[in-house]
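Make one complex out of these two single chains by using the hints.
Heads up: the protein sequence lines correspond to chains A and B, in order. Position one of the first sequence corresponds to residue 1 (UniProt numbering), numbered consecutively onward. Position one of the second sequence corresponds to residue 1 (UniProt numbering), numbered consecutively onward.
Since the hints were derived computationally from the structure, they do not count as laboratory data. Backbone N, C-alpha and C fix where the C-beta goes; we use that ideal spot for every residue, glycine too. Hints are not guaranteed to be accurate.
Unchecked claim - Estimated spans, in silico, between C-beta atoms of each pair: (1) K147(A) / I22(B): 52 to 60 Å; (2) G103(A) / L302(B): 44 to 52 Å; (3) A403(A) / G65(B): 46 to 54 Å; (4) V307(B) / R544(A): 56 to 64 Å; (5) R404(A) / D75(B): 53 to 61 Å; (6) P142(B) / E378(A): 33 to 41 Å.
Claimed, not checked - Pairs of lysine-lysine, DSSO-like flavour, derived with a Cα cap of 27 Å: (7) K67(A) / K100(A); (8) K67(A) / K543(A); (9) K221(B) / K168(A); (10) K168(A) / K67(A); (11) K167(A) / K85(B); (12) K543(A) / K221(A).
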Amino acid sequence: MNVKLSLLAAGLALALGAPLAPAHAQAPQGQTLRYAFQGNLNTLDPYGINETTTLALQGNVYEGLTKRDRDLKIIPGLAERWEILDGGLRWRFHLRRGVKFQGGEDFTADDVVFSASRVRADTSDLRSRIEANVEVVAVDSHTVDFKLKSPNPILHYEWDTWYIMSKKWAEANNAVAPSAPAATTPGYAVLNANGTGPFRIAAHQIGVRTVFEKNPAWWGKVEHNLQQVIFTPITSAPTRVAALLSGEVDVIDPVPLQDIPRINASPNARVMEGPELRTIFLQMDQRRDELTGSSVKGKNPFKDLRVRMAFYQAIDMEAIRRQVMRGAATPSALLISPLLFERSGQFQRHPFSLDAANKLLDDAGYPRVGGATGTRFELTMDCPNDRYVNDGAICQAVTAMLARIGIKINLQAVPRAQFFAKVLASGGFNTSFYLLGWTPGSFDSWNVLQNLIRCRDDTGSGGRGATNLGGYCNPRVDALTDQILVEADAAKRLDLITQAYKIVHEEISHIPLHQQALAWGVSRNVELVQRADNQFLFHWVNKR
Amino acid sequence: MIAFILRRIAQAIAVLLTVSLIAFSLFRFVGDPVNQMVGQDTTVEQRAAIRQELGLNDPIALQFGRFVWKAAQFDFGISYLNKQKVSKLIAERFPATMELALVSALFALFAGIPMGVYAGLRPHSWLTKLFQTVSLVGISLPTFLIGILLIFIFPVTLGVLKSFGRQGVVDLGWWSTSFLTVAGWSSIILPAITLGLFQMTLIMRLVRSEMMEVLRTDYIKFARARGLTSRAINFGHALKNTMIPVITITGLQIGSIIAFAIITETVFQWPGMGLMFLQAVQTVDIPIMSAYLLLVATLFVLINLIVDLLYVAVDPRIRISGRPA
Numbered sequence: 001m002n003v004k005l006s007l008l009a010a011g012l013a014l015a016l017g018a019p020l021a022p023a024h025a026q027a028p029q030g031q032t033l034r035y036a037f038q039g040n041l042n043t044l045d046p047y048g049i050n051e052t053t054t055l056a057l058q059g060n061v062y063e064g065l066t067k068r069d070r071d072l073k074i075i076p077g078l079a080e081r082w083e084i085l086d087g088g089l090r091w092r093f094h095l096r097r098g099v100k101f102q103g104g105e106d107f108t109a110d111d112v113v114f115s116a117s118r119v120r121a122d123t124s125d126l127r128s129r130i131e132a133n134v135e136v137v138a139v140d141s142h143t144v145d146f147k148l149k150s151p152n153p154i155l156h157y158e159w160d161t162w163y164i165m166s167k168k169w170a171e172a173n174n175a176v177a178p179s180a181p182a183a184t185t186p187g188y189a190v191l192n193a194n195g196t197g198p199f200r201i202a203a204h205q206i207g208v209r210t211v212f213e214k215n216p217a218w219w220g221k222v223e224h225n226l227q228q229v230i231f232t233p234i235t236s237a238p239t240r241v242a243a244l245l246s247g248e249v250d251v252i253d254p255v256p257l258q259d260i261p262r263i264n265a266s267p268n269a270r271v272m273e274g275p276e277l278r279t280i281f282l283q284m285d286q287r288r289d290e291l292t293g294s295s296v297k298g299k300n301p302f303k304d305l306r307v308r309m310a311f312y313q314a315i316d317m318e319a320i321r322r323q324v325m326r327g328a329a330t331p332s333a334l335l336i337s338p339l340l341f342e343r344s345g346q347f348q349r350h351p352f353s354l355d356a357a358n359k360l361l362d363d364a365g366y367p368r369v370g371g372a373t374g375t376r377f378e379l380t381m382d383c384p385n386d387r388y389v390n391d392g393a394i395c396q397a398v399t400a401m402l403a404r405i406g407i408k409i410n411l412q413a414v415p416r417a418q419f420f421a422k423v424l425a426s427g428g429f430n431t432s433f434y435l436l437g438w439t440p441g442s443f444d445s446w447n448v449l450q451n452l453i454r455c456r457d458d459t460g461s462g463g464r465g466a467t468n469l470g471g472y473c474n475p476r477v478d479a480l481t482d483q484i485l486v487e488a489d490a491a492k493r494l495d496l497i498t499q500a501y502k503i504v505h506e507e508i509s510h511i512p513l514h515q516q517a518l519a520w521g522v523s524r525n526v527e528l529v530q531r532a533d534n535q536f537l538f539h540w541v542n543k544r
Numbered sequence: 001m002i003a004f005i006l007r008r009i010a011q012a013i014a015v016l017l018t019v020s021l022i023a024f025s026l027f028r029f030v031g032d033p034v035n036q037m038v039g040q041d042t043t044v045e046q047r048a049a050i051r052q053e054l055g056l057n058d059p060i061a062l063q064f065g066r067f068v069w070k071a072a073q074f075d076f077g078i079s080y081l082n083k084q085k086v087s088k089l090i091a092e093r094f095p096a097t098m099e100l101a102l103v104s105a106l107f108a109l110f111a112g113i114p115m116g117v118y119a120g121l122r123p124h125s126w127l128t129k130l131f132q133t134v135s136l137v138g139i140s141l142p143t144f145l146i147g148i149l150l151i152f153i154f155p156v157t158l159g160v161l162k163s164f165g166r167q168g169v170v171d172l173g174w175w176s177t178s179f180l181t182v183a184g185w186s187s188i189i190l191p192a193i194t195l196g197l198f199q200m201t202l203i204m205r206l207v208r209s210e211m212m213e214v215l216r217t218d219y220i221k222f223a224r225a226r227g228l229t230s231r232a233i234n235f236g237h238a239l240k241n242t243m244i245p246v247i248t249i250t251g252l253q254i255g256s257i258i259a260f261a262i263i264t265e266t267v268f269q270w271p272g273m274g275l276m277f278l279q280a281v282q283t284v285d286i287p288i289m290s291a292y293l294l295l296v297a298t299l300f301v302l303i304n305l306i307v308d309l310l311y312v313a314v315d316p317r318i319r320i321s322g323r324p325a
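Bound-form chain B, shown alone (with noise of 0.2 Å):
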């Protein structure tokens, strides 16, 4: 087990290394830095000099190894643009980032998981149809337009909830909270919805798949031989086992959650890291870009770890081929 985990930590070390490697070479495709800092009658000497002061004109490698040596110290250094330390405005942003990929995995999976189940019961029946429909959209409709269909609905039309930014914030010291209000709410659901609905659809599909496949197993057909009641064979046996699954691919895309929330939050102005990221790409913010990235990175290497080490603590088949031989 150990040994296992001590691999694990190897490897991860080796993807965030090349996470960083390629998000390096790919910075100088972004444009010039420089020109982003300053106004447009600074001269050509004084855009040459900051270059060189920030280390620009070395060579690819030795900005990459400098980045390594710092970040292994977390030192991420500071914004170009804004002179702060970027592990602190990230840090500020962390919150609104992880109560929005909270509340819409929570969404996908209290609406998701009742849809399927509903669907695979009764495959044949009107609102099953609506919801495979609804769920259709909910997978080919790219996010940013769901948003913008959502706010043109609620705000606009109806004047309801917000269209914007993160409000009715609590500050707790170490992590703020929109949780706590009624504005924070109003202002979650829009972009929660946005950001959980293709999670949902994926989670009522496989639900839904899982639960009629399991419907015509043997132990199901037994079930109902000894006479126990529908609600039991449906929610007690069948259910349970569809769940196994659901509950992985949930664990898995969390990360994706947090990752493909840059759309959702730049569509919602929502202050989290990925609009923070989005802006400094357009601001060629090198080490926002690069801390953010890696933060990212690590996630889904210590999502993947604890999924893998799940595994191996349920699954005692994994732990056997995991020896050597």
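Next up, chain A with everything else stripped away, as it sits in the complex (with noise of 0.2 Å):
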């Protein structure tokens, strides 16, 4: 009887279209999570692009000499510790032994020192990981030294993301540099992989899917149940949340957030909010003597510090939490979040009040034309619409907003790769007021002061102030964000970021919005870490 019912079960699983194993690779026993997320793995070459997704994927397979625990604290990786020498300007790393990389290599100071080299190539994205003129020299096998011309005490801020690459292996395969922007040949680490991750590629193909598996030879302390993730891109949203729905994958990345209740509401599955790094902000063109797309002619509002602070404050931070982001938004004073800046809590918003800010626009000579409802000038706003959580849908409300103390703003919402274009350097900076997002890739200040804050030299020499696309400028806020780059004392620099960000403050270089909420849609049968900045990382998933 058994027999026959769970024959007829099978013939039933069968004529419903189960899944039958997977024709590319025998699927090892065990495990197996499968994830969605709205965009494509493009290349396995750690250096070849700095994204986050691309590279918390690749963090599976390739590691860092530091990680960053769960709450992005900075732990030992392929380096067991290290010392700062020479009063800052010698940092010296022991190097973890017995680790192999999963084509069979030992892992020494050599490959560090190559992949020191490689990551500063001319063709590596990800060249901001250690300054150029930064000296790495093998002291033995398993000691590196990192020389340094001036102290920077966050010189490692950024190394759970620099991957390091085994030497001999990429010298074998043709591909010691990554490969170049007009590359005539296919580059081999952009299709395969070896590190000495805890995963590594069973399959890939790009822009369909990415197949890992154990490795059983990893050197760690295994956190994971899994045996195999198979990860598939889904772009359209309601695809990816019916895949979760339907119990076709595990875990998808982005979760639309007015899908939350539905997806709470069903029996397999569930979403996992939390805040992110990334901050949310508008910023005034400050620079040009006449805004681009305005009506003001001859002068531009935006110099005056009355105006800025009217835009501020007429735009109800609380109503977008609520109505654009649906609770999903924590309101911030600051362009940095405040899991990554301690003393966060110092800042307050400036109030909304919309009495206020129509005091300060007739203070600034800016009266409004034809009555008390009438408008006082007309502004073109640049806004991505498909790059930051309802980005399109925050600059509308914005929009209305100003509305209400006559701004008239014609909204240029657009796709990312047009938005881009247009207000950075390559398009020459063409915005008067716009929206962005912004997340430290280093998870400190200083790369918000040097990228966003302070005064934008075009030539981009050095990458100075190259996103201040308004082109907010102190010198005051220089200096401070030079001192901030080389003082070791923690205290201290400390003070120096807060002193920086209190003038910012006053001076409304930006207008800060929100840290956006995280949200994964999670099977219930799957326990993971969620982590701040984004990175979904398998080794700390389990699936009953």
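See the structure below:
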């Protein structure tokens, strides 16, 4: 009877289209995690592109000298320990012994020296990981020295995503440098990987799927119970949600905000929400003498602090949080997440007040034309509509809010490819008012000050203010930024950072809006760790 | 005949050149590829250097000339984003699109013709009215909505069939197929129905009206007068004559099935050429975009060429008028 029943069940399962074993690779025994993300894994080369998800996926295969734990604290990785010598000018890393690459090569100091030069190659997109003038020397087979020109207390802050590659493997496969932008031959490291990490690549087809399998020879303590992970990009959000609800995938990222209640109400999945490091903000052009796309001629209203303050105070952040973000946002007074700056509690957003905003604009000399509901001036706003969570909707809300103080916004909400082409240097910073989001790659304030706040050097030399698209400029902040870079004393450094943030907060260099929330859809039989940097790492996953 | 073919081939080349020229002038408005190739920390200087190296600062005419020169040698370059040969990427995705197009075309034929015949024979039955309503839905609802609706009904609510991807793929070396496994079939059915629904509607309506038209003609009346069975009349005489325009339309529609697969492939994450094209548009991967557009244009031109040649072969009147006066 039982046999009959199970035969019947098997027949039914077949008839209903139950999945057969995948044809590509024989499925290993044990647990399989199926993970769907909105974007592609375009390259396995760890220096190909500096982009969170790509690096996170590669981080299951490759490892850095240091790692970050669940709370983003720096912990030993391929380096067991390190010490700072010569007054901060020499960092000595003691490498872990007995580590092997997945191709069988031993991990030694040569690989670190090689990776340090490869990551700084002209064709690498991760050159910011190590300054060009840092000298990397192998002391012995398992000790490496980093010699600095000036002290840098955050030398290793970005090293959890500076992955160590095998010198022998790269040389044998003609992958000593990352593929050039205008490459004419396919890159080997783009399709093949050879790391030291807890997983290795079993199959990879760009844009279709990637299969990771457990690396049985990994040196670390295994915290997951997976044998295999199948990664699939699913671009369309409704399809991604449907795949989770029907049980075809175990984890999806991201979940559209409007689908959160629906997933939580389903029997087999839930949404894990958490704060993300990314800060969404607005900035006004404070550099041009006349704005582009504005009705104000002959002068730039944003050079006037009162106008910037009026814009700030006219934005009802609570309404954006509640209505546009459906509660999934943390309003922010700074351009950095409170998780990354311990004194952020000292800063409060300037209060929302239409009366104050109207008065400021009257004082600044921009009266309403045509009575109490008239327009003061017109302005073009640039906004991406497919880059951040509900970015287009945020801009629409801002447009409506500014209309209440007599500012008429012509909103240009466009796909990211067009948006960035217009507002970044290649488009000549062609914007008067825009929305952008930023996560400091180093998880440190210096990155924010250097990229977003300091005076922009249009030649882009050294990345100074390269993403300060509105051209805010204050030499005092610049001086502080330079000091912060080399200040080794942690308390003093924190003071300097606080001083810099005080200035920009008072001068309204930007209008910080919020930190958006992470929303991952997770099957109810999966336990995982959600890190605030939006990196999903398989070695913290347990599946029942 | 040979002059006719030569003339058509010359026309085809002109069409392809035009298509790629239009595509090339449009690429300027898609955005800046460099920003998609690098992360946020990449400096302005480095971005400028990449632009220069990719030749994006050259005049459009020069870029176009370079593309045509290389394309003539079947070299479509390397994808900006993932540094792989575009021809290889497209070849990998080609089987997925072709199988999807094939299944949806067969679905459209094998569902559309019987429905059309039935509707033509019994124009007043309730089943006909149902078919008409369904076909109205098929024509008026946008593809992505039909796809999402099917996903909601089958995988989510009923727990059958697959909502995304192409599963159970067997690699034959020169071709990868999803026809050999149950998982493969359960993942192709929904996208094929979504893609084929419009064509099915078209065929059904065409067969229905042709059928009704033919049934009114004299030779059917004579056939009835001769006492032939209605089966022989309906299927032997009427349907046969109905099929000529249906075959023509089906042939011409195959091109559009392949081209319009873009939306269906996106909804179902079907890893075909259309999905790759859309991803390329989002990331401004110009080598993939230009190669895909050229390929689709070639397919259209080829199909039309074959249809024209078949006409010449089948219908002698065209041959006569094709001769120089």
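A quick look at each hint next to the structure:
| no. | hint | in the structure |
| --- | --- | --- |
| 1 | K147(A) / I22(B): 52 to 60 Å | holds (56 Å) |
| 2 | G103(A) / L302(B): 44 to 52 Å | holds (45 Å) |
| 3 | A403(A) / G65(B): 46 to 54 Å | holds (49 Å) |
| 4 | V307(B) / R544(A): 56 to 64 Å | holds (57 Å) |
| 5 | R404(A) / D75(B): 53 to 61 Å | holds (57 Å) |
| 6 | P142(B) / E378(A): 33 to 41 Å | holds (35 Å) |
| 7 | K67(A) / K100(A) | holds (17 Å) |
| 8 | K67(A) / K543(A) | holds (24 Å) |
| 9 | K221(B) / K168(A) | violated (85 Å) |
| 10 | K168(A) / K67(A) | holds (24 Å) |
| 11 | K167(A) / K85(B) | holds (25 Å) |
| 12 | K543(A) / K221(A) | holds (17 Å) |
Violated hint for the displayed structure: number 9, the only one.
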